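Colleague: Okay, here's what each chain looks like letter by letter:
Protein chains: 2
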Amino acid sequence: MTKTIKIGLLGLGTVGGGVPKILEAQAEKIKQSTGVEIVVAKGLVRDEAEKALRKTQFEIELTTNYDDIVEDEEIDIIIELIGKLEPARTFISRALKAGKHVVTANKDLLAQHGLELIELAGKNKVDLYYEASVAGGIPILRTLANSLADDGITKVQGIVNGTTNYMLTKMVEEGQSYEEALAKAQELGFAESDPTNDVDGIDAAYKMVILTQFAYGMNIQLEDVARRGIRHVSIDDVKMGQKLGYVIKLVGETSLLSDGVAAEVAPMLVPVQHPLAAIKNEMNAVFVESMGIGESMYYGPGAGSLPTATSIVADVVQIAKNIQSDTTGVPFNPYHLATKLAKDTQIKGKYYFAIKTPDRKGQILKLAEIFTKYDASFEQVLQQKANGEHARVVAISHTITNAQFKAIKAEIEQVEGFKLINTLRVLGK
Amino acid sequence: MTKTIKIGLLGLGTVGGGVPKILEAQAEKIKQSTGVEIVVAKGLVRDEAEKALRKTQFEIELTTNYDDIVEDEEIDIIIELIGKLEPARTFISRALKAGKHVVTANKDLLAQHGLELIELAGKNKVDLYYEASVAGGIPILRTLANSLADDGITKVQGIVNGTTNYMLTKMVEEGQSYEEALAKAQELGFAESDPTNDVDGIDAAYKMVILTQFAYGMNIQLEDVARRGIRHVSIDDVKMGQKLGYVIKLVGETSLLSDGVAAEVAPMLVPVQHPLAAIKNEMNAVFVESMGIGESMYYGPGAGSLPTATSIVADVVQIAKNIQSDTTGVPFNPYHLATKLAKDTQIKGKYYFAIKTPDRKGQILKLAEIFTKYDASFEQVLQQKANGEHARVVAISHTITNAQFKAIKAEIEQVEGFKLINTLRVLGK
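Protein chains in written order, with the numbering used here: chain B, 1 to 429; chain F, 1 to 429.
Simulated from the structure, these hints should not be mistaken for laboratory data. Among the clues, some could well be false.
Remember, identical chains collapse to one label, so a pair may be satisfied in a single copy or spanning two.
What the hints assert, rightly or not - The calculated DSS-like cross-link candidates involving lysine-lysine, where the alpha carbons are at most 27 Å apart (straight line), are:
1. 343 to 6
2. 348 to 3
3. 97 to 366
4. 280 to 340
5. 84 to 31
6. 280 to 170
7. 429 to 21
8. 55 to 6
9. 125 to 361
10. 343 to 125
11. 350 to 321
12. 84 to 6
13. 125 to 321
Since this is a predicted model, take the numbers as computed values, not measurements.
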């Protein structure tokens, strides 16, 4: 008789509901690769009302009491899909202490308390996997941990938030304003009524914390990610970017510099020929630069019921293999280095400056003098007449340090008659 | 003292030479993930002349006699980078029988004798890994075997031959002729002096055989891959394609249809908005359609010393982990189904027909009548005056079966005054 591995499923919503579907649809394939049958034995629901609803959808024993799951000795693996910090943190901790393997997609929790949970899993010799926490349907974490285990990663750039990528695609391709794009995203269910986590780049920053662990073995904090959202991206920036050969994207970047790691989430101008420029709507992609492979990219859906559930069940399948071969307890990411943050003088980039100037001769000269003062120069510069009174000057710098950028920005803000409308990072060397 | 795992390296050329470099550069990271040190203990060279050359490049014990390696009890893993069928097949067989794990990038051998070698590895409870055999630096095989172990794959489309992708990019972007593009590829070392394997799609077909094993667990033969190369792609086809919104690419495709698998390698018209359309020059990409994840794509270099060596060493790292946890002998791809080939009446696609017609009224009508006779219709049609005497009509059909396509093609060839210049598959539903 084939052995059965039993799952306790915390949360039966959009993603959770996909888990039993995938397990059923791919039962034969999963059995071939693991040698076992995997079933959802119990599901945790919020209250009696949800229980009544889920009963009509799933043939799974349901409970409103977590004790029924964590104290059930027959349950081997717990899948946490409640989200946010509590009670997820307590539930996962209790599961690990009870010797149960855990699969979660909880990026908020992993970015803020990942280390504590990873240690707890190690102490109890159980597995803690979380492939679905970054870029839902893209198997990027397992790829970094396994296929790039022998590569020196130097940079990871990701479009890891589907909501903002959908909004920016609408702004670029259909000329929609930020407000129109947000309303459309909310209408389609891509954006929540309070879109803060998405549009302010917090969700993407959580993912960059996790990607930094896998890429460099370093544990940075959310506060270490320089973060800017897309609220201040105007349709003018989008159009100026297009004129200069760029598409605007919310990019998360984590780089290994000579003195440490630098992580950033910000709207960036991506050159149209860069593979990330082609990632549209709610799709995600992670672009990796490494010493061995060079450039590689992993593309797929960042969210959605079945894609995310597929990632989660892939983690379950790996745990089932580990149980069968008695090799559980190895950390998902075994790579560790002492965490070091790069200094402002080491962090480099190209920058876009959009400035409202008086419509008179000599404005670009004035700007050039500031650049020269801080040992910087233009890669591209464009002046457009706005009306008789004002002009708009847009300049893209050659690569400069963060320190240079801040000094130039501060000086531009002091110039009589100049109004700095926006600045943006520009991808590229 | 840290345990050492020893490698015998067969071939120290472009790729082989990258292996000791990667092992040295990433020694610390590899040690963290495996718990062991991995070193190249011996290298096999062709003759004394090569030995003299390699001695100046590597600090590795060199031999011209394979016995020195396969009979060395201290060697745990053999990396085969000789290529082609013999002596690679004999060397790998002997290694597996001697209880040594094997890593190879040999697509020719795996596509033609993979089954025999996989069985031999299983019988001897050793590992046989070959990630680098398909799309060099892209970890597509391990991703299919692990991260998509719980997904139902329905289609795999790949740009898996860098030489032809480089040539077609030059034809599309710079208007070069086939001959000019080939000469340039040869000059840059992307194409060999006899380019048959690349331009006739044989190399890509080998890779589709291997991808079919991983995607569907089915063992098809090279002859089962419908194959057409790029020799007959003209600059006119390239330009017509561009006018209609397509980029021409050599695409390998393997699909799971209702009655079995259908595999094809052919120059295809790829819609400009399809992710594969953006894959340029010598880069590779594999696009996967599956029931769970939906659409995903894996992009990277298809060849080159360090990218390929990184894939090879990633296999070595996995074997080292398996040795440490005593879990060797599990097949790289554990998924198997009885092999079934789809019938012509089940294989469907859209097709481009380019026809030289007399420059008179009614030519498109005549073509439309043929389409209608076989229950087919146009999606796009374009007539261009070539000179006073002839016109060129290009039609793209809606989706039709292979059987319909063949019948329409045969009938067009019979029409008085029509000359069928070319036909091409068109990607899309």
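Colleague: It remains to establish, for every hint, whether it holds in the given structure.
Modeller: Each hint, compared with the structure:
In the homo-oligomer, the alpha carbons of residue 343 and residue 6 never lie at most 27 Å apart, since the shortest distance is 48 Å inside one protomer and 41 Å across protomers. Taking the shortest alpha-carbon separations for residue 348 and residue 3, neither the intra-copy value of 55 Å nor the inter-copy value of 41 Å comes in at or below 27 Å. Proximity of residue 97 and residue 366 under a CA criterion of 27 Å is satisfied in neither setting, with 65 Å inside one chain copy and 76 Å between copies. In this assembly of identical chains, residue 280 and residue 340 lie within 27 Å of each other by CA distance neither inside one copy nor across copies; the values are 34 Å within and 36 Å between.
Taking the shortest alpha-carbon separations for residue 84 and residue 31, neither the intra-copy value of 33 Å nor the inter-copy value of 35 Å comes in at or below 27 Å. Taking the closest pair of Cα atoms, residue 280 and residue 170 come within 27 Å of each other both inside a single copy (9 Å) and across two copies (26 Å). For the homomeric pair residue 429 and residue 21, the shortest alpha-carbon distance between copies (26 Å) is at most 27 Å, but the shortest distance inside one copy (45 Å) is not. Proximity of residue 55 and residue 6 under a CA criterion of 27 Å is satisfied intra-copy only: 19 Å inside one chain copy versus 57 Å between copies.
In the homo-oligomer, the alpha carbons of residue 125 and residue 361 never lie at most 27 Å apart, since the shortest distance is 71 Å inside one protomer and 79 Å across protomers. Proximity of residue 343 and residue 125 under a CA criterion of 27 Å is satisfied in neither setting, with 37 Å inside one chain copy and 51 Å between copies. Taking the closest pair of Cα atoms, residue 350 and residue 321 never come within 27 Å of each other, the shortest separation being 46 Å inside a single copy and 42 Å across copies. In this assembly of identical chains, residue 84 and residue 6 lie within 27 Å of each other by CA distance solely inside one copy; the values are 25 Å within and 47 Å between copies.
In this homomeric assembly, residue 125 and residue 321 come within 27 Å of each other (Cα to Cα) both inside a single copy, at 15 Å, and across copies, at 17 Å.
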